[in-house]
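S.K.: Taken in order, these protein sequences are the chains called A and B. 43 is the number of the first residue of the first sequence in my numbering; add one for each residue after it. 43 is the number of the first residue of the second sequence in my numbering; add one for each residue after it.
The hints are simulated quantities; they were obtained by calculation from the structure and are not laboratory data. It is possible that some hints are incorrect.
Each pair of labels, with its calculated beta carbon distance range [unchecked claim]: (1) B/ALA130 / A/GLN350: 26 to 32 Å; (2) B/ALA295 / A/ASP240: 38 to 44 Å; (3) B/ALA87 / A/SER127: 54 to 60 Å; (4) A/GLY150 / B/GLY204: 25 to 31 Å; (5) B/THR262 / A/GLY150: 43 to 49 Å; (6) B/GLN350 / A/GLY148: 20 to 26 Å.
Listed below are the simulated DSSO-like cross-link pairs for lysine-lysine, each with C-alpha atoms no more than 30 Å apart in a straight line [claimed, not checked]: (7) A/LYS296 / A/LYS263; (8) B/LYS263 / A/LYS267; (9) B/LYS263 / B/LYS296; (10) A/LYS267 / B/LYS267; (11) B/LYS106 / B/LYS64; (12) B/LYS267 / A/LYS263.
Derived list of chain B stretches under chain A, where covered just means 3 residues or more per stretch with a C-beta under 8 Å from a C-beta of chain A [claimed, not checked]: (13) 168-174; (14) 198-206; (15) 226-237.
Here a beta-carbon is modelled for each residue, glycine too, at the ideal position from N, C-alpha and C.
There are 2 protein chains.
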Amino acid sequence: MAARRLDGTAVAARIREELAPKAAAFAARHGRPPGLGVVLAGSSAASEIYVRNKLKTVAEAGCKAALFRLDESASLDEALATVRSLNADDTIDGILVQSPLPAGMGKGAEQQVFDAVDPAKDVDGFHAINAGLLVQKRATLVACTPLGCIELLEREAIPIAGRHAVVIGRSDIVGKPMALLLLHRDATVTICHSRTTDLPAMARQADILVAAIGRPGFVTKAFVKPGATVIDVGINRLDTADDVARFFAEGSAKRRQFAEKGSVLIGDVHPEVEEVAGALTPVPGGVGPLTIAMVLRNTIAAAEARAQ
Amino acid sequence: MAARRLDGTAVAARIREELAPKAAAFAARHGRPPGLGVVLAGSSAASEIYVRNKLKTVAEAGCKAALFRLDESASLDEALATVRSLNADDTIDGILVQSPLPAGMGKGAEQQVFDAVDPAKDVDGFHAINAGLLVQKRATLVACTPLGCIELLEREAIPIAGRHAVVIGRSDIVGKPMALLLLHRDATVTICHSRTTDLPAMARQADILVAAIGRPGFVTKAFVKPGATVIDVGINRLDTADDVARFFAEGSAKRRQFAEKGSVLIGDVHPEVEEVAGALTPVPGGVGPLTIAMVLRNTIAAAEARAQ
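Here chain A stands alone, though its shape is the one from the complex (with noise of 0.2 Å):
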């Protein structure tokens, strides 16, 4: 029996419809919209991708979306300018730092980058007093991706409260705050990671199943209980023929998708995971739309709550 489907694309275009009407609420009482902050540094291309979405996203609900570039050669204290000119623009309430800075800007620069940021501006929710803030249950800005996947759990109606919820990944923008958003909601969370023994014992426990590794179709069957709900946070892309033939069958919709177009994109769960799953989050297509979404709902959060 196949899973069914979280539709990630679907529900995200339902909150964009609930979050527009509030930015224009918020433009009609404050005689402007709540403004997003976007600086890139470089030019990754998967980098342009996500931020092109997210200033799409942002302006289409009646935002401000504004860019601000610069080279892959800037210093540190280039970024660290630009970040204090939005803490201090007004029209600005949001400010998202685009991961990664350039390698040149040196070892660290990242975290000084992110820690310059304003508390009240910092829609990804990674400065340390909104870490804090959220273990103690009183965050505004929370990282959006884990966000997004809470959110999404919610609108599907999955249960979370009393069930056991495993996040394999632990990092401080989607494992450790994903599973303080769960355990916040009465689940009860296991943690685990590359150190964890047996790990696909531990995740066939879950009954909510967190994959935020980042390795390609990492988690297989042996790793999902029977009826699990599983989310696929990873977003990795196969570009060689063996990569897509080890993970997709022959005439496949990703097969034929390669051929197409040189590339497929897989999350960290194996697609044979469907086979067993209770629900699942597709890539692309699931938990990606989501955090982009909880991009513009902490916009208008940080707007509202600076306003006041």
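Based on these hints, arrange chain B on the given structure of chain A.
M.R.: Coordinates of chain B only, in the frame set by chain A:
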């Protein structure tokens, strides 16, 4: 076979011996010792004992230890003013506000007072920014009880990496920071709580089981895998003969103690767990002395960080 007893009193004594020279070195370098200010509002017998023990430990290690008392009837503004004066006092490196504050200060008073503490002096690690820095694995000041538990595990050479740790309890000051500290030492971590389905079965998976619930003798043999390490964070007082008889056998030391004093302490772990655990912290004399040693450690750490 009886569990190995993890002697918190002895470990804490060693830590204090190691820290005293650091306090002396700080005083020699800076012309003043590290300083701790404790705010105690009202007069609960338990709070008086905790505060006295903290001040004594810190003073005996060569630090300044100052008590700031407020009446039971003191207002929230008075508590905030006291904290602000300690923030401004350059001879004070660490500030503790003893919980609970008098109920008369109003709901949410405690959070407001904790939030008012200068994060650089927040030796309890309760401030949102310190909670967030812990999430991001770059905290200077971490909540004393979970920090003490980790210190005890490490000094007793109990392996953490790759082990399954189960934390029962999800408070901001014990459960959640404990889970993060274990995770950062490469344990697979599960957080359980009152809404967990089949809590004994979940707990029985643990190589390291941390009980931080606040219910006397709640964790029975059914919760414990043979050979597991059990860390008992609870401190509960039994003051009726019936309660004591429920947990302690006739002729036991606790029964004699009750006959003499009219009350005995018990943790969140049932005494019968001693029969199955591999190692176990007693109550009293387990986690408690470590918590107090960590107040001293954090005071010196705060002094050193502020002096840089």
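S.K.: Are there hints from earlier that the structure breaks, and if so, what are their numbers?
M.R.: none
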